[in-house]
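Here is how the chains run, residue by residue.
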Amino acid sequence: MSLRTLAAILALALVGSTCGRAEKGEVRVAAPTRYGFGRPATAAEVRAWDIDVMPDGTGLPPGSGAASQGAAIYARKCAACHGKTGTEGPFDRLVGREPRERFPFGRDPRLVKTIGNYWPYATTLYDYINRAMPLDAPGSLKPNEVYSLVAFLLSRNEIIADTAVMNAATLPRVVMPAHDRFVTDTRRGGPEIR
Amino acid sequence: MTDGPISRRALLAGAAGALGAQALERAGLPVPQDPTKVPGTPVSPLGQRSPFERPRRVPVGTGQGISLTPLQNLSGIVTPADLHFERHHAGVPAIDPQRYKLLIHGMVERPTMFDLEALKRFPSVSRLCFLECSGNGFPSYRDIRPDLTPQLVDGLTSTSEWTGVLLSTLFRDVGVKPGARWFLAEGEDAAVMARSIPLEKASDDAMIAYGQNGEALRPEQGYPARLLVPGWEGNANVKWIRRIEIADRPFMTREETSKYSDPLPDCTARLFSFAMDAKSVITFPAYPVTLPDKGWWEIEGLAWSGRGRVRRVDVSTDAGRHWAPAELQQPVLPKCHTRFRYLWTWDGGDTTLLSRAADETGYVQPTLDELRQARGRGTTYHFNHIRAWTVRRDGTVVFGLEG
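Top to bottom, those sequences are chains U and G. For the first sequence, the numbering used here gives the first residue as 5, with consecutive numbering after it. For the second sequence, the numbering used here gives the first residue as 272, with consecutive numbering after it.
Bound-form chain U, shown alone (with noise of 0.2 angstroms):
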């Protein structure tokens, strides 16, 4: 038996299995493993658009930044939306480190989530600035800007001092206050009700 005939056996073989209720005369194609649609992506097109920054620091790009540089472009870009300080909105209230102890956001609905009180990864920061805000300008800011906002943030919320440097070694590194309060879904379905 030669290999094409062979092959064409087990075709056939495979077709008849995987559609047993076909009709005699009907012809049925077995669907490829790959159809090669779509065109290979350049490592360009790659970069261009993969931003994200995961909590190990992988997406970091270089530069830096300190709180007192983040400060004035705070001012400047921030302010209008999250207030002076940070606290005072009208938007999402960035600072804050009340309640200290526990963790009472599930019980208290008077609680106001902050960085400094909610947010679990530091990185987050850095992507989430770097890929939405300012809400009239995304995406308009530069690396060391970022790094500059992101320590200000994290300076005025005590979690760093207000001289540290964040850059791609030293933000990966910073652990958030919050950071062991969160647990992964485990819930599958069934009676129990949590």
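A couple of the hints might just be wrong.
[To be verified] Stretch-level coverage of chain G by chain U, calculated; a stretch enters the list once three of its residues show a Cβ under 8 angstroms from a Cβ in chain U:
no., segment
1, 380 to 388
2, 517 to 525
3, 540 to 546
4, 627 to 633
5, 645 to 658
[As the list claims (entries may be wrong)] To be clear about the criterion: a stretch of chain U counts as covered by chain G if any three or more of its residues have a C-beta under 8 angstroms from a C-beta of chain G, and this derived list gives those stretches:
no., segment
6, 113 to 127
7, 182 to 189
[What the hints assert, rightly or not] As a list, the in silico DSS-like pairs of lysine-lysine whose alpha-carbon atoms are at most 25 angstroms apart:
no., chain 1, residue 1, chain 2, residue 2
8, G, 472, G, 372
9, G, 391, G, 372
10, U, 117, G, 530
11, G, 530, U, 81
In short, the hints are calculated from the structure, not lab data. Glycine included, every Cβ here is placed at the ideal spot set by N, Cα and C.
Go by the hints and put chain G onto chain U.
Just chain G now, kept in the frame of chain U:
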């Protein structure tokens, strides 16, 4: 009658569902006394609703707002595309379908760029399923008021027939590498909204959808293409999707950590609570309806579960003392709105109407007390407790328990 969608009068008119002939004539739309005596309007390239019908979403907030579906105006299970609820984080982007691209990269053998034509060339699937914002029902848990309509209580859920390509098909084409566990889905909106999704959802039923109720997606729903993760919280169904990065762990974006996480009474917060638990809401009778008379009334509502089919819906017409099964209108589909009906004779007295859904996993919609016990009063998403409508002896209906 005013046309303003946010005004209270318009909201109430919308809740009532229709305009009278006099109102139309005042608006310059003549309505003949006898339509059999004058020729009607000719054929047209694009149909319109009857001018008598004025269903409206209720928009709340500006660029980052929500716009709620008028559940009380709908029949069956499908939401007309222009009434599908809206939620976005930096407005609706305008995307040219000719320039649209979807990038899949990360832990894959072949990083690939797909244009819309390529996505549509793959074998397609269609399915009906609901989409619900995980914040739906917030006022019924945290801000209970008697003057809430079904739209204001639960209008952040809608059902459509979605058409697209299964993510499993695309992922087979790009070749997912061993060790991959998650993927990031990222939108082309001004928020570049991004969520991490477990890879199992891709082998289950996730798809890239480009069709909605027989036509292209509406811009508010992600035109030209969106991620659809059936049964999972709306935010994870990333609209205007432009990039998927496959990885071995979650990315911990802002939307899945500081937002869309569930603080619990045990002083933890739950991450990645994707599935929308079983839920139901009576849409008639409900505020601002007034029942003109005692006697036969059909109670109607919607039930759904993100974990599968609705198995049953029970209705109580005496504030929970007795329960009886409602009739489930076919089709009853998994992860899809299911309409229920219950024939009721109102004796004209004060009473409270409740509905309680159960799904095929054995989960039963909890009471408000049970859910508060489990989640705490401060929790901010996934409010699937039993809703109550109080009927007063004068026929008015208000939200919540009275007395």
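We went through each hint and held it up to the structure:
1. 380 to 388: holds (count 6)
2. 517 to 525: holds (count 6)
3. 540 to 546: holds (count 7)
4. 627 to 633: holds (count 3)
5. 645 to 658: Since three or more residues must qualify, the claim that chain U covers the segment 645 to 658 of chain G holds, with 6 doing so at under 8 angstroms.
6. 113 to 127: Coverage by chain G holds here, the residue count being 10 at a Cβ distance below 8 angstroms.
7. 182 to 189: holds (count 6)
8. G:472 - G:372: holds, 22 angstroms
9. G:391 - G:372: holds, 12 angstroms
10. U:117 - G:530: holds, 9 angstroms
11. G:530 - U:81: holds, 23 angstroms
Of the hints listed earlier, there is not a single one the structure fails to meet.
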